[in-house]
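Novice: Chain residues, written in single-letter form:
There are 4 protein chains.
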Amino acid sequence: MSTRLIALALALSVTAPRAFAQQVVRYEPGDKDLKYVYATVSPVATLRPGDTLETKTVDAFGNAIQKPGDTMAMVKGDNPLTGPFAIAGAEPGDTLVVKILDLTVDSPRGVGALAPGFGALNTTSYTPMLNANLPERIWFYDIDRAKNQATFHAHDSNFSVNIPMQPFLGCIGVAPAGGEARSSIVPAEFGGNMDAPEVRPGYTLYLPVNAPGALLYIGDGHAAQGDGEVAGTAIEVPLRVRLQVDLIKRKKIAWPRFESESSLMAVGAYRPLDDALRIAFTELVGWIHGDYGLSELDAYELLSKVAKIHLVEMVDPNYVVIAGIDKKYLPRK
Amino acid sequence: MSTRLIALALALSVTAPRAFAQQVVRYEPGDKDLKYVYATVSPVATLRPGDTLETKTVDAFGNAIQKPGDTMAMVKGDNPLTGPFAIAGAEPGDTLVVKILDLTVDSPRGVGALAPGFGALNTTSYTPMLNANLPERIWFYDIDRAKNQATFHAHDSNFSVNIPMQPFLGCIGVAPAGGEARSSIVPAEFGGNMDAPEVRPGYTLYLPVNAPGALLYIGDGHAAQGDGEVAGTAIEVPLRVRLQVDLIKRKKIAWPRFESESSLMAVGAYRPLDDALRIAFTELVGWIHGDYGLSELDAYELLSKVAKIHLVEMVDPNYVVIAGIDKKYLPRK
Amino acid sequence: MSTRLIALALALSVTAPRAFAQQVVRYEPGDKDLKYVYATVSPVATLRPGDTLETKTVDAFGNAIQKPGDTMAMVKGDNPLTGPFAIAGAEPGDTLVVKILDLTVDSPRGVGALAPGFGALNTTSYTPMLNANLPERIWFYDIDRAKNQATFHAHDSNFSVNIPMQPFLGCIGVAPAGGEARSSIVPAEFGGNMDAPEVRPGYTLYLPVNAPGALLYIGDGHAAQGDGEVAGTAIEVPLRVRLQVDLIKRKKIAWPRFESESSLMAVGAYRPLDDALRIAFTELVGWIHGDYGLSELDAYELLSKVAKIHLVEMVDPNYVVIAGIDKKYLPRK
Amino acid sequence: MSTRLIALALALSVTAPRAFAQQVVRYEPGDKDLKYVYATVSPVATLRPGDTLETKTVDAFGNAIQKPGDTMAMVKGDNPLTGPFAIAGAEPGDTLVVKILDLTVDSPRGVGALAPGFGALNTTSYTPMLNANLPERIWFYDIDRAKNQATFHAHDSNFSVNIPMQPFLGCIGVAPAGGEARSSIVPAEFGGNMDAPEVRPGYTLYLPVNAPGALLYIGDGHAAQGDGEVAGTAIEVPLRVRLQVDLIKRKKIAWPRFESESSLMAVGAYRPLDDALRIAFTELVGWIHGDYGLSELDAYELLSKVAKIHLVEMVDPNYVVIAGIDKKYLPRK
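Protein chains in written order, with the numbering used here: chain A, 1 to 333; chain B, 1 to 333; chain C, 1 to 333; chain D, 1 to 333.
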């Protein structure tokens, strides 16, 4: 279906809501419904602003790694995505609002992997060297949902340790601008593979709408992740997902943003990290200036005294930095 | 005094301790005692392992900015340093241990400044552009020691807000290796202008000893600082300092490290941030592998799940990233 | 038309060549035929290996900037592309060979522009700062085809100077892998907006085939360009283009490559330049090792003594470095 | 001798020239005269503006690698430096002019080496990874001075090839500003280990004077080098050196510059390459604007059409980019 047809379908859906446009939309993807690019394609379902979506995601490996002996060669594609979900009435220039309501780990085990060509401390496709690759390695984590923890088992010694779980969606994004289609491993202006633990209950995510219907994709559930995601994976798990969408009409943002009760957070995604940081902070300065009335230079100075930086990942094709400020330091809106 | 003479003097001080080699060494620098490079020069005093030092530091501007109307042109040199302090018996290949005991803000006001050529979001000496410079600007912060807070006043609106203080030393370092002398604005292998809030009570800092006596310098007190120190300054203040030194003989480290009761933290300082991060994490992997017995690949995987990154500053000639792990995730030592 | 249908059509065209499958294929795009992404879409024409294509390209501004007073706001989209051209029989895993036969500047004037958000020495979308933007500015260059030169006229003084022309295609690329679609301003693995002066007569370009038919796009003619293309544009011109395509079956390359009678050249395109250089050189080492039989370490050492680096551009979303070696330094193939 | 004493000695030498202040100064360093940092120390000799210096340099390994079986462990220090030479009358704020008159390879063999921790395509001290190091390896090059060529012999095959020699000084610099002392492997504002083939006959080098007497150091002769010096070494050789010094009083430059009969070239040295390029080009824009009268924006635009970039090395602690323009494109001075 072309962009034009999708636009038409969505326009119709606004005036004549379909049967599925309920308060709560439930959607279970089959294997063949999974996507591997963020693109402008036909939605699998349409939500209206205010609707809740209940769905699920497979893990970053398409659930292909299940037991010792399984290898990365069994993985059909990275970060299979559930979606896209159209949001009725969304048009380029609007802002999509996504509120994460609930995320449940949907497996008794999680997976971590050292995959050649991927990682912050080994040679990769984009930082290639002549040194020998690190070997492929897979770690399995036992998931204990009652205790909300995952257990790491060392390969080369007897050591095991429990890690508290804090599930989030590594992938969440919309169709990119300008007719681009981007791989599910890429984070960029449209969101995508941000690997941001902020994509969890308690946080609201703002994404720019670039195509009619916005076209929301999700995937790549993580049970827990360290800052930087340095070896290239988190504790990779399938998730059951409940989220709510909304729309801010005619409000244009350039990059994803997060908000919690206490904080504003702006996302920058590029290479090197220096530029990701510059993007995140100029966005945050602009946000504070635009919505809270401080001058740009006052906001810059204040951030130099109280900002928080979350260096989220340095392993995907673009690196992600989140710059934040506690709202208690800001004028009343 | 040459390196050889210093070595001789220190050797003597071990066998025949001088009068000043007390449990608590007090030192008050005069203006002419301040240093502007980390280098191998005659110490202002010698400490013995276990000694406590009580001294003070002027602020990053040499206390030259005092009231509205004062300008950056009045600053004689950046980050004047107190020291160096020799540590008796320290030799290249040892590790210097510095425990921050107490830091007190020593002024009723703190200073923040936008200085042309410095900052993460403006054109600088090392990221120069053809755009017009941002204007020079100075902000004064009222210090309320009883309430442990500093007050920010916006320039371009009526807004004021209180910021909790958490004083630390922006500069702490030793004589560099190989006979180098480095400016007081540089962080590198020898420590220096790391601008790390970890240089505060509760943390222990490890520094490589590169020259006889180690030669410890401190300065650049900060009452509070945001992650990244993005506009180029923290709340700059003079400090009263109490710290304790110790020595680990014949233990060589390549980069500074921090330790608290709960965490291990490794420092990387270079450009771009990507490389600072790689340095910090390979150091941390090596530390975990060497002292806690996990294999390098197990440590790498574990960090990908539980690491903490503190992106300390992106404004000095080198950028500083601190990679940390909570000890609860490590085997017993 | 879906990927599958395109594959089918191309398969058919091999066994039953269509009328347009001549030795020389001529194609003149209308405005509505221009593309703004490299993607897997229906071809405008199909070439067979060995065929010559005669076509034309509009300039980077879609020929919208014609006279003093015209502004960047009149530009509908950057780098409108002619194509795509399918190559019959091309399948993922093959290498497309493009020989540039002839390029003729197709206008009496060329255009240079300073566009806010673009340039190596000014703040941009991906290296944003708080400094004020440089102003938008447009320079017109008189083209003298007889003398093969373009004339620069300074804006702020009386100075003029002639620049020899050496026309090339700034954009040449194929459909990206994995179903991605990339903007016409992006250079990457699929080629694209490489801004490489090597795309001119005398050079052969190798591109990886990622989709059935390869789907070749061209555009963004340059009459002359400095290394780095630092202000963001070359002397932008429409071109008449004659090129020849060929196919190497079952030979897979990861990045674009160039070859001339005397040299091998490998392309790296990423950020920062450090990584673009690493990509280009590891590709070149691999090429020398694979086709000329030197060990990787011998090739590495030899390149350290005789390599040529062409730093092509540092202004597009990815930066482009070309690493080359004169064949006289290589063993016979 | 302190900075103050050196200043005094030089001041005296101006009013009462010493015996050594001849037209041609000859100096042969002994082993103990070699230096390993650029610093403000006593000069080994003093030249007057206009004087010619005849001297020699050992190779980057201090001539320690002489025959198969020799190893990097035999090297006492990298890039031993001849000097420093004071230039009578030079004061901070002046510009030192160095004209390379003649360089002769002073050995029947040259050396190339793969040293762990050094190189653009392998893991290094500043871009560390967990991959295994490349092995240490040494290549010997036969020098044929009559034919002006050096011969490469592959390690892992029978291949040999001749490389034309174009000798230059990898190291040339002055005492750094602000009392810094920098290792002989570092290139920066003071020049240093720039590894720039432009340091050869036909080129004039301008260096900022930072300390009384300027204090010129040279070393690290190269018989030939590829762009980028990617494996970490050139063909390393001792050199016989003849150069002439001069002084431009009260002309302050921030970074090294080169000039030939036909070209202006500005040096940028930092990480990542992106910033080295920005430094080089803003310096070149400033040079053209200041000395040739084009506005900054006209110079920027013109460079985008005709600039030359020499990416000199990406292996030292700072990376070096040289931005150049042919003078034929500039207004008369």
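One or more hints might be untrue.
It does not matter which identical chain is meant; a pair holds if it fits inside one copy or across any two.
Calculated pairs, DSS-like style, for lysine-lysine (alpha carbon to alpha carbon, straight line, at most 30 Å) [claimed, not checked]:
#1 K308 / K328
#2 K333 / K252
#3 K67 / K328
#4 K251 / K327
#5 K249 / K76
#6 K251 / K99
#7 K76 / K56
#8 K99 / K328
#9 K99 / K308
#10 K333 / K251
#11 K328 / K76
#12 K328 / K56
#13 K252 / K147
#14 K147 / K99
#15 K99 / K32
#16 K333 / K147
#17 K308 / K327
#18 K328 / K147
#19 K32 / K308
#20 K147 / K249
#21 K32 / K147
#22 K147 / K327
#23 K56 / K32
#24 K76 / K333
For the record, the hints were derived by calculation from the structure and aren't laboratory data.
Novice: So, for every hint listed, does it hold in this structure?
Specialist: Hints, one by one, checked against the model:
1. K308 / K328: Both: 13 Å inside a chain and 24 Å across chains, each within 30 Å.
2. K333 / K252: within (19 Å within a copy, 50 Å between copies)
3. K67 / K328: between (48 Å within a copy, 27 Å between copies)
4. K251 / K327: Intra 21 Å, inter 45 Å, cutoff 30 Å: intra-copy only.
5. K249 / K76: between (38 Å within a copy, 24 Å between copies)
6. K251 / K99: The answer is within: 17 Å in one copy meets 30 Å, while 47 Å across copies does not.
7. K76 / K56: Within one copy, since 19 Å is at most 30 Å while 40 Å is not.
8. K99 / K328: within (22 Å within a copy, 33 Å between copies)
9. K99 / K308: This pair counts as both: shortest intra-copy Cα distance 22 Å, inter-copy 26 Å.
10. K333 / K251: Within. Shortest intra-copy distance 17 Å satisfies the 30 Å Cα cut-off; inter-copy 53 Å does not.
11. K328 / K76: neither (47 Å within a copy, 36 Å between copies)
12. K328 / K56: neither (36 Å within a copy, 33 Å between copies)
13. K252 / K147: The answer is neither: 42 Å in one copy and 41 Å across copies each exceed 30 Å.
14. K147 / K99: within (25 Å within a copy, 37 Å between copies)
15. K99 / K32: within (27 Å within a copy, 40 Å between copies)
16. K333 / K147: Close across copies (26 Å), not inside one copy (40 Å); limit 30 Å.
17. K308 / K327: both (12 Å within a copy, 23 Å between copies)
18. K328 / K147: between (34 Å within a copy, 17 Å between copies)
19. K32 / K308: For K32 and K308, the Cα distance exceeds 30 Å both inside one copy (41 Å) and across copies (38 Å).
20. K147 / K249: For K147 and K249, neither the intra-copy (42 Å) nor the inter-copy (44 Å) Cα distance is at most 30 Å.
21. K32 / K147: neither (34 Å within a copy, 60 Å between copies)
22. K147 / K327: between (33 Å within a copy, 20 Å between copies)
23. K56 / K32: Cα proximity of K56 and K32: one copy only (14 Å, versus 41 Å across).
24. K76 / K333: neither (48 Å within a copy, 37 Å between copies)
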